[in-house]
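2 protein chains.
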Amino acid sequence: MTTETLIHPPVSDADALIADMGARARAAAKRMAVAPTDRKASGLRAAAAELRAREADILAANARDMAAGEANGLTSAMLDRLRLDAGRLGAIAGAVEAVAALADPVGAEIDRTSRPNGMVLSRVRVPLGVIGIIYESRPNVTADAAALGLMSGNAVILRGGSEAVHSNRAIHAALAAGLSEAELPADAVQLVPTQDRAAVGALLRAQGLVDIIIPRGGKGLVARVQDEARVPVLAHLDGICHLYIDAAADPDRAVALAVNAKMRRTGICGATETILIDRAYADPRAIIDALIGAGCEVRGDSAIAALSPHVTPASANDWDCEYLDAIVSIAAVDGVEGALAHIDAHSSRHTDAIVTEDRDAAERFLAEVDSAIVMHNASTQFADGGEFGLGAEIGIATGRLHARGPVALEGLTTYKWLVRGSGQTRP
Amino acid sequence: MTTETLIHPPVSDADALIADMGARARAAAKRMAVAPTDRKASGLRAAAAELRAREADILAANARDMAAGEANGLTSAMLDRLRLDAGRLGAIAGAVEAVAALADPVGAEIDRTSRPNGMVLSRVRVPLGVIGIIYESRPNVTADAAALGLMSGNAVILRGGSEAVHSNRAIHAALAAGLSEAELPADAVQLVPTQDRAAVGALLRAQGLVDIIIPRGGKGLVARVQDEARVPVLAHLDGICHLYIDAAADPDRAVALAVNAKMRRTGICGATETILIDRAYADPRAIIDALIGAGCEVRGDSAIAALSPHVTPASANDWDCEYLDAIVSIAAVDGVEGALAHIDAHSSRHTDAIVTEDRDAAERFLAEVDSAIVMHNASTQFADGGEFGLGAEIGIATGRLHARGPVALEGLTTYKWLVRGSGQTRP
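Residue numbers (UniProt numbering), protein chains in the order written: chain F, 1 to 427; chain L, 1 to 427.
Hints are computed from structural coordinates only; laboratory data are not their basis.
All values derive from a computational prediction rather than experimental measurement.
Quick reminder that beta carbons are idealized off the backbone N, C-alpha and C, glycines included.
Please note: incorrect hints may appear among the correct ones.
To be verified - Computed spacing ranges between beta-carbons, pair by pair: (1) L:197 - F:98: 48 to 58 Å; (2) F:344 - L:197: 53 to 63 Å; (3) L:118 - F:344: 24 to 34 Å; (4) L:27 - F:19: 39 to 49 Å.
All chains should be modelled from the sequences, with the hints used to inform the complete structure.
Here it is in structure tokens:
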């Protein structure tokens with residue numbers, strides 16, 4: 001561990017710590033902003049090589065975290081998220097290499113116009129600057145988030161969960177070493193050296209030092225970050241996704257999409273939580289039976305509950321619930337109009353889909369649903385940067401500003417205007 | 001005055017007032033989001049016609065404001081900003097018609113890709129939603145800001161200064177009437193009906209009700225808004241713009257650009273406040289003499305002060321001062337490197353320019369200056385949405401997220417992802 005990022009002032013003052021880290025990140029960000037693509041890619045490939053070379057160190061550090069986690073009574077699900085082995089570490093290194101191969105958004109020209117006076121105006125992408133990433137127990141986020149932030153020309157300040165503190169330090173040291181080998185500033189990736197929660201508060205208030213905060217983790221973390229932050233936050237709190245089965249849906253597609261959207265993986269944010277079925281749809285029972293057959297608990301409104309003895313009655317809360325489990329709520333609605341009204345009232349604006357063979361109904365749904373992602377005849381489980389062809393994702397945003405839906409490299413940039421003249425003065 | 005927007009609950013509770021206005025704005029925004037371009041344009045043209053038809057009413061309302069302003073001892077500059085006459089009102093109506101003629105960004109496709117599984121993904125522009133606009137004594141902002149917000153498919157909540165309360169109400173009534181004539185919701189343009197400052201605080205905290213706040217006015221207003229807001233803010237606080245004269249600058253261009261950038265209009269945010277001159281530049285005296293000859297006070301560092309008895313010594317504060325007046329600070333710097341260091345330390349990230357015939361120096365400056373607008377051989381006074389060909393502007397943003405530099409219709413939109421499939425389920 002040879003990098004200067006491990007030298008820190010005393011942690012008695014969280015604000016002073018974050019101010020110091022922020023100032024060093026800002027200086028590093030200036031260098032990253034003008035680093036050529038091949039230099040950034042080299043740095044990430046070197047970081048990936050360091051991750052592989054340090055496998056024994058990293059797995060030993062992870063073993064310490066696992067032992068502490070077991071002693072502290074973490075659930076088996078939490079321990080599984082925390083656990084690294086050679087295969088998982090190889091996958092982490094591979095993901096860093098994959099980011100190194102992505103197209104660099106920095107410097108890309110968004111548009112260009114000429115003015116009648118001869119001035120040429122263009123907008124070009126530039127990095128956001130300093131990105132704060134706050135996450136929980138998955139140590140892979142340390143490498144994933146750093147790789148995306150760095151490839152887009154930013155500096156990142158990472159603050160991982162206390163369960164993974166040794167794993168994160170070992171992974172961070174590998175990343176910083178890789179950057180140094182490529183003659184990039186190791187300060188471009190810094191790990192908050194304390195688990196003191198005051199440091200998180202200081203990071204969330206670091207206006208001017210940190211340009212954006214990205215929380216990666218459960219709802220409790222995201223809610224706290226959104227509530228406390230004075231720095232802009234890119235995140236989603238809930239993924240209450242809807243699948244609407246229109247009267248004109250193809251029955252086989254409807255069943256296949258309902259089962260996939262709900263049951264493929266129930267714990268991801270793009271999993272459907274509520275299915276809306278047009279009262280005019282011919283065979284809602286087939287959908288209900290397929291879900292129950294796939295092991296899903298079905299909670300229905302009175303019209304749906306009347307269709308099957310295996311459906312339990314939904315309560316009012318069910319329509320605003322992100323189960324993240326093998327449970328679905330189903331409501332009968334009056335056509336697209338009814339679906340739009342239900343979604344407007346209950347969607348978390350993440351991903352909502354319509355199943356129909358009626359093109360007009362589909363286009364109306366696509367136009368009027370105000371969510372980050374709106375789909376026609378596709379599973380909501382596709383809501384993912386990799387599936388969208390972005391190569392990776394740092395998260396999905398449901399806010400309205402800057403970036404919406406899956407966010408990858410482009411979402412971590414902004415733009416500036418360049419004006420090229422030949423002496424023009426303004427009349 | 002026939003619109004429902006003038007019926008309000010008691011103003012005893014600013015939060016309740018803003019909650020009610022916000023809910024009505026949200027409902028109106030949904031209708032505006034799907035309003036076709038010609039409907040929005042018709043509404044704005046009808047609003048412009050109402051402004052012209054109500055000239056007598058509006059000028060009478062303005063006369064009340066002017067009388068109150070005189071009684072309250074407003075400065076002549078403030079009274080001039082407040083004053084309307086037939087010509088100025090005609091210009092306001094014309095500006096609304098000009099916005100109606102701009103290209104509608106809503107529905108525009110940003111990009112489109114196909115995935116190997118046959119899904120087609122596109123990003124299309126959608127309105128931001130509800131925009132809060134807080135401004136001072138210029139009544140034209142009521143119409144300008146509303147026109148830009150509405151044409152981009154949003155609902156706007158306007159809160160003007162108390163000096164212009166009668167003028168704003170009369171202009172707002174004309175706008176709402178125009179919208180109603182085009183069968184657009186009058187609630188899409190609402191005017192906060194009280195001058196109670198608590199209503200501003202409530203608007204700034206209205207997360208979930210208001211999507212973005214745009215302050216229009218002096219530094220005091222913008223600073224208060226940026227400090228108090230929990231809703232995202234699009235604005236600039238300072239316009240400390242720099243003009244750097246490189247050793248390789250053409251002498252005639254250098255003089256012309258320095259005088260224009262500083263002196264064309266000294267009170268606008270794009271006016272140059274500091275000129276940096278390369279120590280290797282041949283004739284700095286010609287620049288100083290031209291500025292002094294144009295009536296500008298010149299404050300210089302020791303190297304500049306030594307060149308002319310008419311230069312007064314600059315203090316440390318001068319390098320961070322937005323004079324908005326016929327005063328300029330001038331520093332000698334060591335080439336592009338020195339200019340970049342000075343700008344990095346003192347720029348407000350609004351607009352900075354280089355004057356040079358050396359293409360490499362220009363490109364380095366354009367690449368490395370991290371400001372919303374960076375110019376080569378052009379006057380910083382061009383920093384304006386109209387001059388950039390945007391047709392208008394709601395303001396200039398110096399933040400890093402969402403929109404940067406001049407903001408017009410596109411900056412008042414966001415996007416959503418549309419996914420068109422044919423039954424794809426995720427493996």
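Here is what the structure says about each hint:
1. L:197 - F:98: 48 to 58 Å: holds, 53 Å
2. F:344 - L:197: 53 to 63 Å: violated, 33 Å
3. L:118 - F:344: 24 to 34 Å: holds, 30 Å
4. L:27 - F:19: 39 to 49 Å: holds, 44 Å
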